[in-house]
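K.L.:
Okay, here's what each chain looks like letter by letter:
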Amino acid sequence: MSIITVATTKGGAGKTTLVRLILARLAAMSGLKVAAIDADFNHTLTDWVTTAAKHPITIRHELDETKIVPLASELHNSHDVVVIDTAGAASQATIFAIGCADLVLVPISPSSADIVEGIKTINLIKSASMMLKREVVARVVLTAVQPGTNIAEHIENEVAKAKLSVLKTRLHRLVAFQEMSFTGIAPTSGPAGHQVSNFLDDLAALGGLPESMKIAS
Amino acid sequence: MAKKDLANVTADLSALASSMPTQRPAVVPVTAEPPVLKVVAVPPTAKGETITQFSFGLRQELRKQLSRLAADADMTMRAFVLNALKEKGLSVRDDDLADLRKERR
Chain A
108 MSIITVATTK GGAGKTTLVR LILARLAAMS GLKVAAIDAD FNHTLTDWVT TAAKHPITIR
168 HELDETKIVP LASELHNSHD VVVIDTAGAA SQATIFAIGC ADLVLVPISP SSADIVEGIK
228 TINLIKSASM MLKREVVARV VLTAVQPGTN IAEHIENEVA KAKLSVLKTR LHRLVAFQEM
288 SFTGIAPTSG PAGHQVSNFL DDLAALGGLP ESMKIAS
Chain B
3 MAKKDLANVT ADLSALASSM PTQRPAVVPV TAEPPVLKVV AVPPTAKGET ITQFSFGLRQ
63 ELRKQLSRLA ADADMTMRAF VLNALKEKGL SVRDDDLADL RKERR
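The listed protein sequences correspond, in order, to chains A and B.
Count along the first sequence starting at 1, add 107, and that's the number in our numbering.
Count along the second sequence starting at 1, add 2, and that's the number in our numbering.
There's no promise every hint is true.
Claimed, not checked - Calculated lysine-lysine pairs in the DSSO-like style (CA-CA distance at most 30 angstroms, straight line):
{"hint": "1", "chain 1": "A", "residue 1": "240", "chain 2": "A", "residue 2": "268"}
{"hint": "2", "chain 1": "A", "residue 1": "240", "chain 2": "A", "residue 2": "270"}
{"hint": "3", "chain 1": "A", "residue 1": "268", "chain 2": "B", "residue 2": "90"}
{"hint": "4", "chain 1": "B", "residue 1": "88", "chain 2": "B", "residue 2": "66"}
{"hint": "5", "chain 1": "B", "residue 1": "90", "chain 2": "A", "residue 2": "227"}
{"hint": "6", "chain 1": "A", "residue 1": "275", "chain 2": "A", "residue 2": "240"}
{"hint": "7", "chain 1": "A", "residue 1": "161", "chain 2": "A", "residue 2": "275"}
{"hint": "8", "chain 1": "A", "residue 1": "174", "chain 2": "B", "residue 2": "88"}
{"hint": "9", "chain 1": "A", "residue 1": "140", "chain 2": "A", "residue 2": "161"}
{"hint": "10", "chain 1": "B", "residue 1": "90", "chain 2": "A", "residue 2": "240"}
{"hint": "11", "chain 1": "B", "residue 1": "66", "chain 2": "B", "residue 2": "90"}
{"hint": "12", "chain 1": "B", "residue 1": "66", "chain 2": "A", "residue 2": "174"}
{"hint": "13", "chain 1": "A", "residue 1": "233", "chain 2": "A", "residue 2": "275"}
{"hint": "14", "chain 1": "A", "residue 1": "161", "chain 2": "A", "residue 2": "174"}
{"hint": "15", "chain 1": "A", "residue 1": "140", "chain 2": "A", "residue 2": "174"}
{"hint": "16", "chain 1": "A", "residue 1": "174", "chain 2": "B", "residue 2": "90"}
{"hint": "17", "chain 1": "A", "residue 1": "227", "chain 2": "A", "residue 2": "268"}
{"hint": "18", "chain 1": "A", "residue 1": "270", "chain 2": "A", "residue 2": "227"}
{"hint": "19", "chain 1": "A", "residue 1": "240", "chain 2": "A", "residue 2": "174"}
{"hint": "20", "chain 1": "A", "residue 1": "233", "chain 2": "B", "residue 2": "88"}
{"hint": "21", "chain 1": "B", "residue 1": "66", "chain 2": "A", "residue 2": "270"}
{"hint": "22", "chain 1": "B", "residue 1": "88", "chain 2": "A", "residue 2": "227"}
{"hint": "23", "chain 1": "B", "residue 1": "90", "chain 2": "A", "residue 2": "233"}
{"hint": "24", "chain 1": "A", "residue 1": "174", "chain 2": "A", "residue 2": "268"}
{"hint": "25", "chain 1": "A", "residue 1": "233", "chain 2": "A", "residue 2": "161"}
{"hint": "26", "chain 1": "A", "residue 1": "227", "chain 2": "A", "residue 2": "275"}
{"hint": "27", "chain 1": "A", "residue 1": "140", "chain 2": "A", "residue 2": "275"}
{"hint": "28", "chain 1": "A", "residue 1": "240", "chain 2": "A", "residue 2": "227"}
As the list claims (entries may be wrong) - Restraint-style ranges between C-beta atoms, simulated for each label pair:
{"hint": "29", "chain 1": "B", "residue 1": "67", "chain 2": "A", "residue 2": "220", "range": "17 to 25 angstroms"}
{"hint": "30", "chain 1": "B", "residue 1": "68", "chain 2": "A", "residue 2": "220", "range": "16 to 24 angstroms"}
{"hint": "31", "chain 1": "B", "residue 1": "93", "chain 2": "A", "residue 2": "242", "range": "34 to 42 angstroms"}
{"hint": "32", "chain 1": "A", "residue 1": "157", "chain 2": "B", "residue 2": "66", "range": "15 to 23 angstroms"}
{"hint": "33", "chain 1": "B", "residue 1": "27", "chain 2": "A", "residue 2": "157", "range": "18 to 26 angstroms"}
{"hint": "34", "chain 1": "A", "residue 1": "230", "chain 2": "B", "residue 2": "102", "range": "35 to 43 angstroms"}
{"hint": "35", "chain 1": "A", "residue 1": "312", "chain 2": "B", "residue 2": "65", "range": "42 to 50 angstroms"}
{"hint": "36", "chain 1": "A", "residue 1": "253", "chain 2": "B", "residue 2": "86", "range": "49 to 57 angstroms"}
{"hint": "37", "chain 1": "A", "residue 1": "240", "chain 2": "B", "residue 2": "67", "range": "31 to 39 angstroms"}
What the hints assert, rightly or not - These stretches of chain A come out as covered by chain B in the derived footprint (C-beta under 8 angstroms, 3 or more residues):
{"hint": "38", "segment": "144-153"}
{"hint": "39", "segment": "159-172"}
No lab work stands behind these hints: they were computed from the structure.
Owing to the predicted nature of the structure, the values given are computational and were not obtained by experimental measurement.
Virtual Cβ for every residue (Gly too), placed ideally from N, Cα, C.
Using the sequences and the accompanying hints, generate a full structural model.
P.N.:
The structure is reproduced here in structure tokens:
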């Protein structure tokens with residue numbers, strides 16, 4: 108019974124990839140009820156769930172900001188985990204999706220625009236926290252990382268300089284993550300599988316996953 | 003993890019959200035009568051202002067969505083995009099939003 112929102116005001120940073128990883132891995136665990144809200148115009152996640160996903164996932168495509176909170180509440184009451192995928196732009200729907208969340212993930216891939224928009228999104232989450240009078244836990248997730256390159260080092264330095272809280276696990280630019288958009292199966296072996304396991308462990312440690320999943324992941 | 007009470011989220015965040023653009027498509031009232039075309043007077047461009055062409059590529063699906071949203075809002079795609087950018091702070095005047103196609107008819 109947790110809600111994870113994946114948000115950044117920049118498109119193409121890896122939001123839907125993160126959502127797919129969480130959904131595919133958790134849905135494959137028996138006995139877990141997993142749901143997602145696709146609040147993106149492009150309905151990429153909805154298409155993936157309906158055409159590629161291999162395990163039952165409740166998916167709802169909703170752009171109307173007035174319906175995000177009631178829908179999240181409804182799904183939260185009937186599922187173990189709800190993941191909200193947002194559009195790659197600041198919008199009212201994104202604000203309300205942030206407000207519903209136990210944990211907000213802000214993906215940053217290796218580009219300056221990703222860092223700029225990632226910082227803006229973190230500031231938006233801080234504003235939401237102030238208005239809600241509670242902390243909305245948020246972490247940057249570094250995606251499409253190419254270890255050992257100058258750009259990877261530069262991104263690490265930039266997020267450190269901006270004092271962004273970054274999830275321990277880095278997700279590398281791996282073919283297995285790209286293949287998942289076609290196969291619907293989250294990698295469970297090799298470097299990609301190892302990274303996904305570590306990623307879910309990080310989420311569990313932050314309280315983003317129900318207690319029962321901490322060991323299983 | 004206990005069930006959360008999300009009842010106050012909308013109210014608490016409404017002020018912050020109101021500064022953001024909506025994702026809801028514009029609602030066009032359905033009428034039995036065909037819409038009346040309005041002739042919009044386009045003020046002449048101020049002297050010295052150069053008009054320049056601007057174009058960009060985008061995915062076909064986005065192009066279709068843009069076309070549909072603009073049609074729903076009874077705007078040209080050019081006006082629809084400029085109107086959206088106006089909310090982001092671009093200095094767009096009313097005459098920038100005029101439907102130039104109607105002028106040519």
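K.L.:
None of the hints should be skipped; say for each whether it holds.
P.N.:
The hints, checked one at a time:
A threshold of 30 angstroms between alpha carbons decides the hint, and for residue 240/A with residue 268/A the separation of about 27 angstroms falls inside it, so the pair holds. Restraint check for residue 240/A and residue 270/A: the C-alpha separation of about 22 angstroms stays at or below 30 angstroms, so the hint holds. The suggested pairing of residue 268/A with residue 90/B holds, with an alpha-carbon distance near 27 angstroms, which does not exceed 30 angstroms. Restraint check for residue 88/B and residue 66/B: the C-alpha separation of about 22 angstroms stays at or below 30 angstroms, so the hint holds.
Using a Cα cut-off of 30 angstroms, the hinted pair residue 90/B and residue 227/A holds, with the two alpha carbons roughly 14 angstroms apart. Distance hint between residue 275/A and residue 240/A is fulfilled; the C-alpha atoms sit about 27 angstroms from each other, no more than 30 angstroms. Restraint check for residue 161/A and residue 275/A: satisfied, since their Cα atoms lie roughly 28 angstroms apart, inside the 30 angstroms limit. For a cut-off of 30 angstroms, the pair hint linking residue 174/A to residue 88/B stands: about 26 angstroms separates their Cα positions.
A C-alpha spacing of about 14 angstroms is found between residue 140/A and residue 161/A, which places the hinted pair at or below 30 angstroms, so the restraint holds. Taking the CA atoms of residue 90/B and residue 240/A, the gap is near 28 angstroms; set against the 30 angstroms cutoff, the hint holds. A C-alpha spacing of about 23 angstroms is found between residue 66/B and residue 90/B, which places the hinted pair at or below 30 angstroms, so the restraint holds. About 25 angstroms separates the Cα atoms of residue 66/B and residue 174/A, which keeps this hinted pair within 30 angstroms; it holds.
Only pairs whose Cα atoms come within 30 angstroms are accepted, and residue 233/A paired with residue 275/A is accepted, the gap being roughly 21 angstroms. A distance of roughly 28 angstroms separates the Cα atoms of residue 161/A and residue 174/A; the hinted pair therefore holds under the 30 angstroms criterion. Taking the CA atoms of residue 140/A and residue 174/A, the gap is about 21 angstroms. The hint holds against a cut of 30 angstroms. Annotation: proposed proximity of residue 174/A to residue 90/B holds, straight-line Cα distance about 24 angstroms (limit 30 angstroms).
Note on residue 227/A and residue 268/A: the hinted pairing holds, with a Cα-Cα distance of about 15 angstroms set against a maximum of 30 angstroms. For a cut-off of 30 angstroms, the pair hint linking residue 270/A to residue 227/A stands: about 13 angstroms separates their Cα positions. The straight-line distance between the Cα atoms of residue 240/A and residue 174/A is roughly 22 angstroms, inside the 30 angstroms bound, and the hint therefore holds. Of the supplied pair hints, the one linking residue 233/A and residue 88/B holds, its CA atoms being roughly 26 angstroms apart against a limit of 30 angstroms.
Taking the CA atoms of residue 66/B and residue 270/A, the gap is about 40 angstroms. The hint is violated against a cut of 30 angstroms. Using a Cα cut-off of 30 angstroms, the hinted pair residue 88/B and residue 227/A holds, with the two alpha carbons roughly 20 angstroms apart. Note on residue 90/B and residue 233/A: the hinted pairing holds, with a Cα-Cα distance of about 21 angstroms set against a maximum of 30 angstroms. Pair hint residue 174/A plus residue 268/A does not hold up; C-alpha atoms about 37 angstroms apart against a cutoff of 30 angstroms.
Between residue 233/A and residue 161/A the alpha-carbon distance is near 36 angstroms, which puts this suggested pair outside the 30 angstroms criterion. Restraint check: the Cα-Cα separation between residue 227/A and residue 275/A comes to about 21 angstroms, which is no more than 30 angstroms; the hinted pair holds. Our distance criterion of 30 angstroms between C-alpha atoms is met by residue 140/A and residue 275/A, whose separation comes to about 26 angstroms. For the hint linking residue 240/A to residue 227/A, the alpha-carbon distance of about 20 angstroms falls within 30 angstroms, and the restraint holds.
Between residue 67/B and residue 220/A the Cβ separation comes to about 22 angstroms, which falls inside the hinted range of 17 to 25 angstroms. Between residue 68/B and residue 220/A the Cβ separation comes to about 21 angstroms, which falls inside the hinted range of 16 to 24 angstroms. The supplied range of 34 to 42 angstroms is met by residue 93/B and residue 242/A, whose beta-carbon atoms lie about 38 angstroms from each other. Between residue 157/A and residue 66/B the beta carbons are some 19 angstroms apart, a value that agrees with the proposed interval 15 to 23 angstroms.
Between residue 27/B and residue 157/A the C-beta distance comes to about 22 angstroms, which sits within the given range of 18 to 26 angstroms. Distance hint check for residue 230/A and residue 102/B: the Cβ-Cβ separation is about 39 angstroms, which falls inside the suggested range of 35 to 43 angstroms. Range check, residue 312/A to residue 65/B: Cβ separation about 43 angstroms, and the 42 to 50 angstroms hint holds. Take residue 253/A and residue 86/B: their Cβ atoms lie about 34 angstroms apart, and the range 49 to 57 angstroms is violated.
A hinted range of 31 to 39 angstroms for the beta carbons of residue 240/A and residue 67/B is consistent with their spacing of about 37 angstroms. Here's how the segment 144-153 of chain A fares: 3 of its residues keep a CB closer than 8 angstroms to some CB of chain B, so the rule of at least three is met and the hint holds. Here's how the segment 159-172 of chain A fares: 3 of its residues keep a CB closer than 8 angstroms to some CB of chain B, so the rule of at least three is met and the hint holds.
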